[in-house]
Every structure is written in structure tokens, then in C-alpha cells.
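Student: Here's the letter readout for the chains.
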Amino acid sequence: MSVSRVEITPKSLGKPSIRERLANLFQEIRANKVAYLFLAPYAIIFLTFVVVPVGVSIGLSFTHYNMLEPPVWIGWSNYIRLFLMDDVFLIAVKNTLVYAFITGPLSYIACFIFAWMINELKPKLRALLTLLLYAPSISGNVFLVWTIIFSGDSHGYINGFLLRFGITPEPIQWLQDPRFILPIIILVVLWLSLGTSFLVFIAGLQGVDSTLYEAGAMDGIRNRWQELWYITLPSMRPQLMFGAVISITQAFTVSQHAIALAGFPSTDYAARTVVTHLIDYGNVRFEMGYACTIATVLFVVMLITQRLVQKWLRNIG
Amino acid sequence: MELRLGRSRLNRTLGGDIILFLVLLVTAIFMSFPLVYTISNAFKPLNELFLFPPRLFVRNPTLDNFRDLFVLMSSSWVPFSRYAFNTLLITLLGTGGHVLLGSMAAFALSQHKFPGGKLFFNVVVISLMFAPQVTAIPNYLIMSRLNWVDTYLSVIVPAWGMSLGLYLMKQFMDQVPKALLESARIDGASEFRVFWSIVMPIVKPAWLTLIILSFQQLWGQTGGQFIYSEHLKPLPYALQQIVAGGIARAGVAAAVSLVMMIVPISIFILNQSRVVETMGASGIKE
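Quick note, the sequences are listed as chains A and B, same order. At position 156 of the first sequence the residue is numbered 156 (my numbering), and the sequence of numbers has no breaks. For any residue, its number in my numbering is found by taking its place in the second sequence, counting from 1, and adding 317.
Certain hints may be false.
Below, simulated SDA-like cross-link-like pairs (lysine to any residue); rule was C-alpha separation at most 20 Å, straight line [stated by the list, open to error]: (1) K33(A) x I454(B); (2) K33(A) x I503(B); (3) K430(B) x D209(A); (4) K124(A) x T344(B); (5) K435(B) x L25(A); (6) K435(B) x L47(A); (7) K124(A) x S583(B); (8) K430(B) x A40(A); (9) K430(B) x V34(A); (10) K33(A) x S507(B); (11) K122(A) x L339(B); (12) K495(B) x S480(B); (13) K311(A) x F431(B); (14) K124(A) x V343(B); (15) K430(B) x N24(A); (16) K521(B) x P123(A); (17) K435(B) x W229(A); (18) K430(B) x P41(A); (19) K521(B) x L25(A); (20) K94(A) x G263(A); (21) K33(A) x R510(B); (22) K435(B) x Q310(A); (23) K495(B) x D209(A); (24) K33(A) x A506(B); (25) K122(A) x G332(B); (26) K124(A) x V340(B); (27) K33(A) x F431(B); (28) K311(A) x L445(B).
Everything labelled a hint here was simulated from the structure, so no lab data went into it. Because the structure is a prediction, the values reported are computed rather than measured.
Modelling step: build the complete structure from the supplied sequences, incorporating the hints.
Tutor: The following block contains the structure:
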């Protein structure tokens, strides 16, 4: 029994010196030569085209940079200006948080529920329904039909309906009225939400070991809900984590659809999000340093959210 | 309580199945709206296209829009087949490289423990969260340093290094039991063989899905930022130019939307039907 306890070697007695540690590290790297070879092609491209540009952008957030003259170092000035002097940024933050906390969890849950429901069907029907539910994500700009549905004149579908039944005396300016802009964008974003995570969940469900379900039935699982909670969800942790990261990314970066539906800039900044604020400074005002500051702040907020969600997902099942 | 192991579907009630199916059906009708709308629009004559409010279904279907599109395509300065070739090249090489390199890296990170591996993986995941709008300038500087501006490389190679593929493949490979790989190694299989003949078949649903996602993204690539020569431009760019002809081209624009959708949807159907076929075949997960 005591064998496992007598592994006291001189190395583990005190802290190893830097030289020893370096030698160890070198040895480990040599032992894993194959793994590094597998990683290298991807790693080189990823570092060049993703890490370096992101690093440069974070660096630029500490400069004044108008894209014509070379950047000038100004320290934390951009950050101070962003938090203390930019009123519109506060509106953008408020809107973004509303979008993120409504569309993020809802679209995440919808992706999973629908993937799980589809998985109950027979394979041929499964493939067809997957296509139909995924349709909004594959058909590019077709979401613009929503501008016809919510059109502000009396010919828009919803206004036409409301007028015919006398619910409203005059057409409602859906996409110009700050009270309606936010809910409409949320609706459209939710309609578009069965995308990447949805497909990944479907793929993940194919891999759940079917013998687990039989074993579960013997252990007293009585209905599909118990099966979902005790077997399916725990078997899908890696995919659930993946879906969470995608949902967070999409929820915090709502921009393209907000601009297309409510215009840019929108009435009273009702559709202003952090990313449209960033686009405003980067692409319209050519204040690239400031745009990079916005990007960096958003990045940090998303990172913190991801850490929290990750912790919470560990308790599932 | 009796266990009904003889039945193929455990713990299912007929009532539950019916409710489930109805919910899916209603949602599917709601979601398939753009698909129906795009297809029907492509066959509408001009007077129906300009009807307001628009009708969902076409009354007098016509092929005029497609005929006009072909006339415009054949009068193009750069032959249209060249644009199609460019897009095919970018999409196929980009998707293939992304799936292969991403999977190889995911294999290393998932099945090997080595210094720096965990750190690298974390960097890949968090890089998904940085707004791409501000990295355009540094990216351009890198391309020009490499002399890749106005070449296919500027679009294809960065696609190989996207974070999505590695993250997706790593998550699925984490579920492959290590014991299985160990036994293959003892039998003398090389590391590449373990990767190619054992791990990749098990995670087939993952890479089929990744092909759909990557294909869709690259198919819509206009090359705007980096490609300036007309003969290197991809198809979506050329079609955009046709559509930009204004209100007289509304019919052609509707045809273009359908044409651009057909290929990604075909890839989707092809791959997705293979994804759902793999069900039940895998009893080998941890």
C-alpha cells in the first residue's frame, strides 16, 4: 500500500530550479513532437491572420488613429472618453444588454429544443425538417421581407391587418417608433436564431450512445423528460459549451440586422448597439483608435459572460 | 413495472409524439417562409414582382427572369464561367483546408497533452469574441506584407485558420474514448493513421456539419477587401453588379437570389442527410 507514497525524489523535495524546469519543458516538447506537427499548419495560419490582427487592434485602442496619419499613443484617453463622455455609448450598452439577455438564452434554448425534437423523428423526415427550420439562416438577405411585414404605411401586412379590423385608426410607424424598434429587432433575430448551434446540436445528438438509454430505462427512467435531463444533456456537454460561446458571440454583436431594419442611425438611437456604435466610429468617422477601444471593451464583457456561463453549464444533468 | 426493451423506442408515448410533431410542423411553416418566397419570386413576371403588398405565391409563373439573367451573363466582359470558377476554387479549397487543418489541430489538442496546448485552445475560443470589424486594417497590412493582395491566397488561406472549425472539431473529439486510440497505437498504427482512420470516422457528424457551415460562408464571399482584378472576382460580386443595375433588374435580381441559394442548399441536403444517418451506429463513446 505504501508504494505509492514513497515517490519522494530529490526533484519533488524543493522547487526545481529554472534550469531544471526548462530542461523538463524541453523534454516534454520533444516527447510530443508529433502533436506539435499536427498543430503547426493551423497554428501558423491562425496566429498570422487572427491573433496578430486582434493584438494590433487592442494596441490601437490606446492610440489616436484616423487611418491616414500614423497612430499617436494617447494611453487610456479613449477609455476615459468612452465611459465618461460618450452618452450615445451608454444607450448602445443598454440596448446591447437588452438584446443579449433576451436573444442569447432564448435562441440557445430554442436551438437545443428544436434539435432534440427533430432527433425524435425518423431520419428522412429529420433531414427535411432540419432544412426547413434552418431556412432563414441559409437564405441570405431574405430577412428583409420583415421590412414589408412591418412597413410603416397602410400597405404593410401588419398595418393592413390592424386597419381592416379597426384595431388602430392610422398606420403605426413600426420601424421608426423607438417603442417598437427594439422588440421587432429581437423578434427577427430570434427568427434567425436556428443557425450554427442548431446544426451542431443535431450532430451532437447523433453521437449519444444509444445503449445509455436502455440502461437508463432499466435504472428507472420513465419518460422522455427524465431521459433528456439525466442522459442526453450530460452526454452533450462539449456541444452545449460550443453552442453557448456561439450564442454569446451572436447575442452581443447584433448589428447587421439592426441596421437593415431600423436604419443607420435609427430614431433616437433606439437600434444603436455596441457594434453599430463601433461601425459608426470606424467606418463613418474614421476614428479607428476609438473603434478599437469599443471592440476591446466588448471583448472583455463577452469574455466575462462566457466564463460565468461555462461555470453554470457544469451543473447540468 | 414492466420494462419494454423489446420496443425500439423507449419511454415514448403516442400523445407526446403527436404534440411534438405538431409543434415542429407549425414552426417549420413559419421558418420556411423565406425559402418559399425566394423560389416563388424567381418565377414572377415583373407586374407581380412590383405588386404591393407582395403576394407569397406566384400567379403566372414565367422563366423570363432566368432568360434575362443568361442574356446579361453572356454579354459580360469577363466570361461568366470565370466568376463561377473563382467561387468554386475559393469555396472548395477554403472549406477543404479548413476542415483538414482544423481537424488535425483539434486532434492534437484533444488527444495529446503538451505544453502550451491548453493555452492555445483558450486563445482560439476567445478569439471568436473579438469584433471582426476592427481587424480589417491590420489584416490588410499583413496581406500586403505577404504580397497576397489581389490573389486567391488572400481569401483562401485565412479561411483555413478560422476559429470555428477547430473549436467544433475539438469538442466532438473530446468524446472519443482514449482507450480506443491506445489500442490502435499498440497495434502499431501511426499517429496520422489513428487520426485519419479511427478518430475522423467517429466524428463524421461533426465534419459534415462543419462543411455545411464553412461552404455557406465562403460561397457568399465577394472578395471585396483584397481582390481587385476583374478576372479574379467571385460569383457573388458579379451577380451583385448585375442586380445593381437598378429597378429594371428586379426580375433578374429575384432569379439571382434563387441561383445563389441552390448550391449551398444542395450541399446542406447532401451532408445533413448523412449526418442523421449515423444515428445509433456509434456505441463507442465514453
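Student: Look at each hint and say if it fits the structure.
Tutor: Here's how the hints hold up against the structure:
{"no.": "1", "hint": "K33(A) x I454(B)", "result": "violated, 35 Å"}
{"no.": "2", "hint": "K33(A) x I503(B)", "result": "holds, 19 Å"}
{"no.": "3", "hint": "K430(B) x D209(A)", "result": "violated, 26 Å"}
{"no.": "4", "hint": "K124(A) x T344(B)", "result": "holds, 18 Å"}
{"no.": "5", "hint": "K435(B) x L25(A)", "result": "holds, 15 Å"}
{"no.": "6", "hint": "K435(B) x L47(A)", "result": "holds, 15 Å"}
{"no.": "7", "hint": "K124(A) x S583(B)", "result": "holds, 15 Å"}
{"no.": "8", "hint": "K430(B) x A40(A)", "result": "holds, 15 Å"}
{"no.": "9", "hint": "K430(B) x V34(A)", "result": "holds, 11 Å"}
{"no.": "10", "hint": "K33(A) x S507(B)", "result": "holds, 13 Å"}
{"no.": "11", "hint": "K122(A) x L339(B)", "result": "holds, 15 Å"}
{"no.": "12", "hint": "K495(B) x S480(B)", "result": "violated, 24 Å"}
{"no.": "13", "hint": "K311(A) x F431(B)", "result": "violated, 25 Å"}
{"no.": "14", "hint": "K124(A) x V343(B)", "result": "holds, 18 Å"}
{"no.": "15", "hint": "K430(B) x N24(A)", "result": "holds, 14 Å"}
{"no.": "16", "hint": "K521(B) x P123(A)", "result": "holds, 16 Å"}
{"no.": "17", "hint": "K435(B) x W229(A)", "result": "violated, 29 Å"}
{"no.": "18", "hint": "K430(B) x P41(A)", "result": "holds, 18 Å"}
{"no.": "19", "hint": "K521(B) x L25(A)", "result": "violated, 35 Å"}
{"no.": "20", "hint": "K94(A) x G263(A)", "result": "holds, 18 Å"}
{"no.": "21", "hint": "K33(A) x R510(B)", "result": "holds, 16 Å"}
{"no.": "22", "hint": "K435(B) x Q310(A)", "result": "holds, 16 Å"}
{"no.": "23", "hint": "K495(B) x D209(A)", "result": "holds, 16 Å"}
{"no.": "24", "hint": "K33(A) x A506(B)", "result": "holds, 17 Å"}
{"no.": "25", "hint": "K122(A) x G332(B)", "result": "holds, 17 Å"}
{"no.": "26", "hint": "K124(A) x V340(B)", "result": "holds, 18 Å"}
{"no.": "27", "hint": "K33(A) x F431(B)", "result": "holds, 9 Å"}
{"no.": "28", "hint": "K311(A) x L445(B)", "result": "holds, 19 Å"}
Violation of the numbered hints given earlier is confined to hints 1, 3, 12, 13, 17, 19; the remaining hints are satisfied by the structure.
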